[in-house]
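There are 2 protein chains.
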Amino acid sequence: MAKKNGGGPATAESMAQQQRDISVSEFFLKNRHLLGFDSPRRALLTAVKEAVDNSLDACEEAGLLPELSVDVEQLAENRFRVTVTDNGPGIVRQQIPKIFAKLLYGSKFHRLRMSRGQQGIGISAAGMYGQLTTGAATRILSRIKKGKMAHAIAVQIDTRQNKPAILSDEEVAWRPTFQAVDAAGQPDGEPAVANHGTSVSIEMEAAYQRGRQSVDEFVKQCAIVNPHLTLHYRLTLAAKPDTGNLKPETKQTSSETPSSVPKSQVSGLRSQVSLPAGQTAVTYLRAVKDMPAIPQEIMPHPHGVELGLLMQMLKDSTSRTLRAALANDFSRMSDRTAREICERAGLNPKANPTRIAHQESEALYKAIQDTKLMRPPTDCLSPIGEAQILAGLQKEIKADFYTAVTREPAVYRGNPFQIEIGLAYARPQENEGLGNEEPVRVLRFANRVPLLYQAGACAITKAVIGVNWKNYSLSQPKDALPLGPVVLLLHMASVWVPFTSESKDAIAGYAEIIDELTLGLQECGRRLAVFLHKRHRALEAERKRSYIELYIPHLARGLKDILKLSDKEEDKVVRDLKKMLEKTHLDV
Amino acid sequence: MAKKNGGGPATAESMAQQQRDISVSEFFLKNRHLLGFDSPRRALLTAVKEAVDNSLDACEEAGLLPELSVDVEQLAENRFRVTVTDNGPGIVRQQIPKIFAKLLYGSKFHRLRMSRGQQGIGISAAGMYGQLTTGAATRILSRIKKGKMAHAIAVQIDTRQNKPAILSDEEVAWRPTFQAVDAAGQPDGEPAVANHGTSVSIEMEAAYQRGRQSVDEFVKQCAIVNPHLTLHYRLTLAAKPDTGNLKPETKQTSSETPSSVPKSQVSGLRSQVSLPAGQTAVTYLRAVKDMPAIPQEIMPHPHGVELGLLMQMLKDSTSRTLRAALANDFSRMSDRTAREICERAGLNPKANPTRIAHQESEALYKAIQDTKLMRPPTDCLSPIGEAQILAGLQKEIKADFYTAVTREPAVYRGNPFQIEIGLAYARPQENEGLGNEEPVRVLRFANRVPLLYQAGACAITKAVIGVNWKNYSLSQPKDALPLGPVVLLLHMASVWVPFTSESKDAIAGYAEIIDELTLGLQECGRRLAVFLHKRHRALEAERKRSYIELYIPHLARGLKDILKLSDKEEDKVVRDLKKMLEKTHLDV
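Heads up: the protein sequence lines correspond to chains A and B, in order.
Numbered by our numbering, the letters in the first sequence go through residues 78 to 665 in order.
Numbered by our numbering, the letters in the second sequence go through residues 78 to 665 in order.
Think of the hints as simulated: they come from the structure by calculation, not from any bench.
There could be a bad hint or two in this list.
Identical copies carry no separate label here, and so any pair may be met within one copy or between two of them.
In silico lysine-lysine, DSSO-like type, Cα no more than 30 Å apart, as pairs [stated by the list, open to error]:
hint, residue 1, residue 2
1, Lys175, Lys240
2, Lys472, Lys637
3, Lys107, Lys240
4, Lys621, Lys645
5, Lys539, Lys555
6, Lys225, Lys443
7, Lys222, Lys649
8, Lys107, Lys443
9, Lys449, Lys107
10, Lys297, Lys641
11, Lys555, Lys637
12, Lys449, Lys392
13, Lys240, Lys443
14, Lys240, Lys547
15, Lys649, Lys223
16, Lys107, Lys175
17, Lys225, Lys297
18, Lys443, Lys555
None of the values given here were measured: they were computed from a predicted structure.
Use the sequences and the hints to build the structure in full.
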């Protein structure tokens with residue numbers, strides 16, 4: 078029963094008959110932990126994340142201030158429906174099936190420009206996981222213009238061929254509205270009606286659990302690094318309280334987002350409300366009405382192009398001369414530089430680029446490497462900015478000291494990237510989980526997306542561990558995070574973030590990236606050390622002062638006896654001495 | 078210059094025009110760190126590993142005792158050629174291009190059976206990396222039978238379409254021979270001539286460096302866990318000694334493989350020789366002439382099949398009734414069980430399996446989950462075995478204590494797997510890098526392949542850290558490897574190893590896998606504790622004995638004075654007391 082084909086030794090011929098294509102969907106279905114679907118809890122987060130990434134990218138690309146709703150509903154003990162709705166530009170009917178039910182399809186992979194999505198896998202993978210675990214289809218509703226009908230489409234992936242199977246396709250009325258809720262649990266103003274946008278809904282086997290790796294945390298961190306985003310988050314847990322993962326306190330708001338804070342105190346940015354049994358809702362209102370700068374697409378930088386890719390680019394070039402091909406298809410390559418490079422390589426600048434031989438390409442490659450060029454343009458990046466990082470930290474962390482650094486753009490493998498770091502030295506008693514003996518909390522972001530899993534595999538964690546924090550007055554066990562009531566926010570913005578797996582949870586440790594992170598951390602560390610040193614001195618002075626103060630009355634009494642002072646004069650001496658002490662700067 | 082398309086906001090229509098397919102080759106080319114090609118050093122190892130995996134799989138599948146040569150030649154400062162030759166069954170001409178120049182193509186992905194390769198990516202990825210960095214083609218020589226001509230083919234990947242481009246294709250004379258070398262640097266016996274086999278040669282940008290993550294270490298560990306393998310390893314470094322990575326001691330043999338040990342002392346298993354300047358050669362001779370059992374292919378176990386896959390399998394079934402489909406397409410499903418399950422699900426056993434509706438599938442899925450079934454068959458696995466693990470450790474590590482455990486097979490997500498663990502308590506002075514204050518050394522293997530990178534991300538490392546080693550008399554810092562002169566060898570055998578990335582360096586942390594590893598480690602730990610306890614007692618007794626012994630002469634002198642003994646009698650007293658002491662078992 079166990080074996081289907083004969084157990085005897087194989088031959089070249091019998092082996093040849095077994096060779097076949099593997100579709101990319103089959104591959105990822107079998108390897109779904111690569112996509113972030115290895116546990117029910119992580120699956121829920123990954124699905125939300127992929128949908129939110131796509132919505133934010135679409136809104137920003139279309140120049141629209143994003144307003145999103147994220148709706149997580151528990152349908153049965155281990156079954157959830159995730160629905161993410163945006164006010165973006167919508168998706169034209171013909172593209173919907175491929176975008177949501179075909180792996181490796183999209184607009185972001187082939188261009189050099191910062192965006193959250195980049196691989197063309199995420200949302201289709203979430204749908205595929207839903208299909209695998211529940212048999213249900215991915216449902217999309219989208220409208221591209223006011224006055225047009227919306228398209229409601231249900232798709233699945235044909236995993237054998239990695240292509241969409243359309244289960245239903247209708248024109249329907251458009252409905253999305255967004256309702257902000259205030260701190261008192263009431264609707265806050267008129268509902269906002271979106272004229273266009275996309276809503277995607279996926280049913281899947283999943284589990285909900287509060288905490289550092291929860292959907293709650295993800296949407297909260299999203300709001301921190303996307304201050305132009307308004308996000309309505311609603312979580313509905315099944316009434317049955319016997320689900321292992323659910324705390325029975327479902328009528329209460331989440332412990333992580335304090336609901337008792339009056340609206341004015343949360344800077345008008347966030348409000349939260351308790352709804353019917355099992356339902357929690359939070360609205361994160363946008364803090365700024367300005368869109369971040371729309372990143373520009375750039376051409377590849379010559380120094381980041383490897384020999385094989387150079388050969389391919391020349392072969393594909395539509396330019397008629399080698400010089401023009403170099404000048405047109407690369408960034409930072411003027412016509413003059415292109416000619417110089419041709420000369421250095423011993424090639425005719427007027428040669429047909431599609432006919433450059435292997436040997437000649439190698440010479441060209443070497444000439445490019447040997448030529449000094451400007452670094453890549455950086456308008457392809459849209460950093461968060463120091464002011465926004467500080468604002469985000471101040472909103473979430475009660476601290477005595479905040480600082481932020483946005484580094485100058487740098488380059489790895491020809492890809493521009495930029496590191497940003499925020500640091501808060503918190504008051505432990507006002508921030509759960511932070512303390513002098515606790516490891517610092519590290520918030521990781523890539524292209525404005527919070528990274529909640531695989532911290533250990535991430536270049537960010539490695540860089541934090543690699544810094545010698547003892548230099549900056551924090552204690553640090555060997556090969557571990559430093560200890561202290563510190564929150565670190567680290568952001569990598571790049572045209573291509575090198576994730577360690579398709580689930581996009583950790584950044585690969587390229588040396589250039591680690592270096593930039595380290596320099597930024599050291600800068601923040603130095604500022605922290607200055608603050609801690611000052612505070613230490615102030616505390617020390619305070620200690621001495623109170624020590625001296627203790628002796629003032631005794632001193633006064635002594636003087637009284639010696640100089641025969643009156644009680645009134647004695648009081649005056651005490652007062653004067655105290656005043657003197659207050660004015661003195663005690664050097665410690 | 079920087080931007081190619083307009084910087085204005087996009088619309089649904091303009092975005093639609095940018096959407097396109099991403100070929101799996103393009104995807105992995107851009108994400109090549111996922112495949113293990115993120116640094117020149119790792120690239121060299123990954124290429125060797127993929128070629129060796131394929132060769133060993135082919136030999137074993139054809140029932141041939143594997144003999145391989147691994148040839149690493151430095152062509153220029155940062156350019157190497159890797160050539161791996163085997164005595165396997167060869168590859169039929171038509172399959173060669175796809176096997177070596179198409180990602181996601183192969184025979185191992187679609188079957189449930191233990192093998193080293195499983196994804197159909199590895200060797201083509203190595204070729205693609207070579208092509209990217211040097212522009213060179215992958216060269217294959219293969220013959221399937223004595224008397225036939227061999228095929229010499231050069232291929233590259235057309236990355237846009239993920240399909241092979243054949244650059245040359247000739248019939249040539251066959252040539253592979255294998256030459257073992259002995260410890261004195263001389264050819265050891267007649268060269269072995271293979272009648273059939275495959276040789277693959279890839280040129281790439283790479284770097285060679287000795288140490289724990291080197292090709293040297295990889296081939297050595299390969300030999301440990303594949304005692305039926307003979308492997309000839311030759312490393313040729315460029316004469317120019319200014320290469321940063323090269324120690325100038327190129328005329329000497331590697332420091333990791335002692336060349337001074339006479340051949341007889343290495344149990345006839347390994348010999349090594351110094352060759353012309355820059356060249357090092359080692360032959361690892363096979364220790365056993367028996368092939369490991371050829372693993373059998375199995376059908377999926379019903380409990381490991383998710384709803385979506387069950388629906389797909391029913392749709393694809395060639396059986397005419399639901400009952401037959403269940404009994405034929407799954408393992409551990411008798412005709413009677415199949416009927417019971419149909420009844421429990423309220424379905425007609427004679428229904429057409431291809432016409433089961435979504436709702437019915439869910440009922441069927443639930444019925445399967447609720448039915449007790451035998452665990453999956455385990456002849457799909459081929460564990461190394463406790464005796465072989467002990468032999469492997471004894472060969473490499475000088476130790477006072479060895480133990481090994483092969484656990485019973487277990488199951489994760491329906492996939493059978495088996496954990497094996499070996500432990501050696503080494504003599505620190507005879508093993509470099511081991512000591513009481515050093516972290517234990519962990520050797521990781523998956524389906525007999527050494528895993529040298531990404532230890533931190535691997536379930537094996539997590540399991541070792543997770544065990545409380547203080548229970549077994551080793552000290553252990555918090556959340557870290559225990560300390561001590563211990564070598565751990567851990568092997569996971571499975572029909573599908575869930576690697577954390579396509580580079581196959583770390584095993585994903587499924588709970589069932591961690592559990593099995595933990596149980597095995599605890600068993601080894603208990604045995605170690607018994608040994609250490611015994612040794613501790615022995616040392617303690619020894620200490621007491623010598624302490625008492627110190628007083629014997631004084632005692633004798635006292636007795637002599639009191640009892641007026643002669644010198645002779647005194648001597649006798651000393652002798653007798655010592656004898657008594659030796660016979661006494663000192664309880665400590």
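Here's how the hints hold up against the structure:
1. Proximity of Lys175 and Lys240 under a CA criterion of 30 Å is satisfied in both settings, with 7 Å inside one chain copy and 22 Å between copies.
2. In the homo-oligomer, the alpha carbons of Lys472 and Lys637 never lie at most 30 Å apart, since the shortest distance is 55 Å inside one protomer and 90 Å across protomers.
3. In the homo-oligomer, the alpha carbons of Lys107 and Lys240 lie at most 30 Å apart both inside one protomer (17 Å) and across protomers (22 Å), since each shortest distance falls under that limit.
4. In the homo-oligomer, the alpha carbons of Lys621 and Lys645 lie at most 30 Å apart inside one protomer (27 Å), although the nearest pairing across protomers, at 80 Å, exceeds that limit.
5. Taking the shortest alpha-carbon separations for Lys539 and Lys555, both the intra-copy value of 13 Å and the inter-copy value of 18 Å come in at or below 30 Å.
6. When the C-alpha separation of Lys225 and Lys443 is checked against a cutoff of 30 Å, the pair qualifies neither within a copy, at 55 Å, nor between copies, at 43 Å.
7. For the homomeric pair Lys222 and Lys649, neither the shortest alpha-carbon distance inside one copy (81 Å) nor that between copies (113 Å) is at most 30 Å.
8. In the homo-oligomer, the alpha carbons of Lys107 and Lys443 lie at most 30 Å apart only across protomers (21 Å), although the nearest pairing inside one protomer, at 42 Å, exceeds that limit.
9. Taking the closest pair of Cα atoms, Lys449 and Lys107 come within 30 Å of each other only across two copies (25 Å); inside a single copy the shortest separation is 46 Å, beyond that limit.
10. For the homomeric pair Lys297 and Lys641, neither the shortest alpha-carbon distance inside one copy (70 Å) nor that between copies (94 Å) is at most 30 Å.
11. In the homo-oligomer, the alpha carbons of Lys555 and Lys637 never lie at most 30 Å apart, since the shortest distance is 59 Å inside one protomer and 61 Å across protomers.
12. Within a single copy, Lys449 and Lys392 get their C-alpha atoms as close as 24 Å, which meets the 30 Å cut-off; across copies the closest is 61 Å, which misses it.
13. Taking the shortest alpha-carbon separations for Lys240 and Lys443, only the inter-copy value of 29 Å comes in at or below 30 Å, while the best intra-copy value is 42 Å.
14. Taking the shortest Cα distances, Lys240 and Lys547 never come within 30 Å of each other, neither inside one copy (55 Å) nor across copies (54 Å).
15. Taking identical chains as interchangeable, the C-alpha atoms of Lys649 and Lys223 are never at most 30 Å apart, the minima being 81 Å within one chain and 115 Å between chains.
16. Taking the closest pair of Cα atoms, Lys107 and Lys175 come within 30 Å of each other both inside a single copy (21 Å) and across two copies (22 Å).
17. For the homomeric pair Lys225 and Lys297, neither the shortest alpha-carbon distance inside one copy (34 Å) nor that between copies (68 Å) is at most 30 Å.
18. Taking CA atoms no more than 30 Å apart as the test, Lys443 paired with Lys555 passes in neither setting, with 43 Å inside one copy and 50 Å between copies.
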